[in-house]
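K.L.:
Got chain A sorted already, so can you dock chain B onto it with the hints?
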Amino acid sequence: MGNRCAVIGVGQTHYTTKRMDVSIAGLVREAALRALEDAGLTFKDIDAVVIGKAPDLFEGVMMPESYLADALGAAGKPMMRVHTAGSVGGSTALVGASLIQAGVHERVLVVAFEKQSESNATWALSTHLPFNASLVVGAGGYFAPHIREYMRRTGAPDHIGTLVAVKDRQNALKNPYAHLRIPGISREMVESTPMLWEPIRYLETCPSSDGACAVVLSSEQAVTGRPAWVHGTAMRSEPIFRAGRDTVNPQGGKDCAADVYRQAGIADPRRDLDVAEIYVPFSWYEPMWLENLGFAAEGEGWKLTESGATALDGDIPWNASGGVLSSNPIGASGLIRFAEAALQVRGMAGEHQVDGARRALGHAYGGGAQFFAMWIVGTDKP
Amino acid sequence: MPSDPLTADHVLEFPGGYTRTTGPVIGRFLTELRDGRLMGVRTAEGRTLVPPLEYDPATGEPVTDEWVEVGPAGTVTASAWVHEPRENHPLDRPFAWALIRLDGADTALVHAVDAGSPKALPPGTRVRPVWRAERRGHITDISHFAPEVTKIVSPVSTRYRLTASPSLTRFLEGVRDGVLIGCRCATCEKVYVPYRLTCPECGNPIAGEVTLPDTGTVTTFAINNLPDPRAPEVPFVSAYILLDGADIPLIALVGGVPAHQVRQGMRVRAEWVPAEERTLSMTNIRWFTPTGEPDVEL
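Going line by line, the protein sequences match chains A and B.
Residue 5 is where the first sequence starts when you use my numbering, and the numbers rise one by one after that.
Residue 201 is where the second sequence starts when you use my numbering, and the numbers rise one by one after that.
Derived from the structure by calculation, the hints contain no laboratory data.
Since we're looking at a predicted model, the values are computed, not measured.
Even for Gly, the Cβ is constructed at its ideal location relative to N, Cα and C.
Incorrect hints may have been included.
Listed next, the stretches of chain A that the computed footprint assigns to chain B, with coverage defined by at least 3 CB atoms under 8 Å from CB atoms of chain B [what the hints assert, rightly or not]:
| id | segment |
| --- | --- |
| 1 | 152-160 |
| 2 | 189-200 |
| 3 | 237-247 |
For reference, chain A alone in the conformation it holds in the complex:
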């Protein structure tokens, strides 16, 4: 795994539908300055900047890293951009961590963002090229059949997705940065919303958010403040069209989890981890990823959700922050998971803090559930 790496600063913007008061540059800077403030540092203390976001065609700003260098104090420093679709926030953190682990830099600023109010995401994901007759209507249209197949295979009752939609929004009420804050959120409220891409209901989907997230990563000797130590990092990908590909329980996700658990010495994730921030943009992905990530046996993930084990007061809280279901600035959503995992083991998650959390998993996936990024962070030095 190389040299030790720690998260020493976390900064987030308040996620919301429209941040009309700032440019994209202003948005990323806000998160970066908060992360630096958390670490007690300034741009002068940063050796390199790594930035991540979803496809350029979303906001139509090509190579945004060039335009954002000034806003992130990157003039004269190495700066690079990462792109792995929806998992990009996680991959960006891992690229930043690799620069510390490899001994290249002492401190790296990692930033990810999306300004969905300026973005035309569904259009950008469904450009109708000549000769091509794709029938996928946005991300929901792509994932709905795989959710249906999960329900068929496992016999999970219909209300499991509703339970997740309610649980994550209840958690969001405890997170001041969360976008969707719905007082009195209930099963009845979720079930009264229309099917968009059956079996996915409106309130079982993530919102479109403006927002940015930043973390400051540090080598062991450059640590300031309260660190979250990186115990393991892993990325995997797989082709979207391949005979025998299991789109419900992708091999890439299983392999990625096995790798990160091995590095961190995790034998049983449900027992050995205290909290997990998992990329769940559609509610049914909680039970699906519970199985993919080994928290439950195949076919049993929905039972864990139903038992309340993943609730804030359960034995393995998932998405204490409210998750992607409550805030989704796409490019940043993965980094928010990684950052929230770090906040938990630093004991700095505020009202949604899981008591005594010492080891946490951050997870992101993207594309057609084909790109995976994960890290495990802990209170103790690895």
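P.N.:
Quick look at chain B alone, frame taken from chain A:
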């Protein structure tokens, strides 16, 4: 029979307009306005009045002779929308009368705001004066106020010339002729459709073609309730269809059956458009429609 009452239009207007003496306070304000500056006057209590008054309405005392430059930007505190402007209104299109507190002022000025729509002018909106080219020392030296620039439209357009790959061209030729062309990887034996030249599983080149039937099984599907130009109606079913003999499903419409009667495991067949209407395109298959055979165990 009573006759119609006598009526006539009448304009009561002193020719050329009244003359008015401004006094030192209003005169200073208008003189500065002619120079393109917005000025306020301080009261004895330290408040800045814009537009200035000669006597402080709060105390009745004369205002001081201390002047401060304010604005030019300001904040709308309230507004009333004028749907149909009158002849002597400052703008010939719908606009708002607004109370504008200029930066540095403690009171608000009434002026017109060209905002496009009443929704664009909530309290708190930042506005700036649009000056007339020729000023003469009158409040109408400011033609109107306009919201600050907060967003722009940035057109992005890139023109491509796309050439279909040889394998996709071959597949579409088959679709034009009413045949679905796939291929079998010699190494891992998997059958792919559409036809392709390398195996995504093992990376080996693929040589031979396989002709697949236009029948298959729905493995899973979504019922889409959002409209799409490629779908005939809402809701529509987009399904993964595993053609008989293939190892990877195609995504296609299912039609000819109500959306909620589509099932996983349902047997379907391609419904082709008439031969004379076919092109090098997947639109030659209108959709897949149930065959009526028993469902397949998945």
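K.L.:
Against each hint, give a clear statement of whether it holds in the structure.
P.N.:
Outcome of the hint check:
Coverage of the segment 152-160 of chain A by chain B holds. Counting CB-CB distances below 8 Å, 3 residues qualify, and the rule asks for three or more. Counting residues of the segment 189-200 of chain A whose CB falls under 8 Å from any CB of chain B gives 3; the rule of at least 3 is met. Under the rule that three or more residues need a Cβ within less than 8 Å of chain B, the assignment of the segment 237-247 of chain A holds, with 4 such residues.
The structure shown violates none of the earlier numbered hints.
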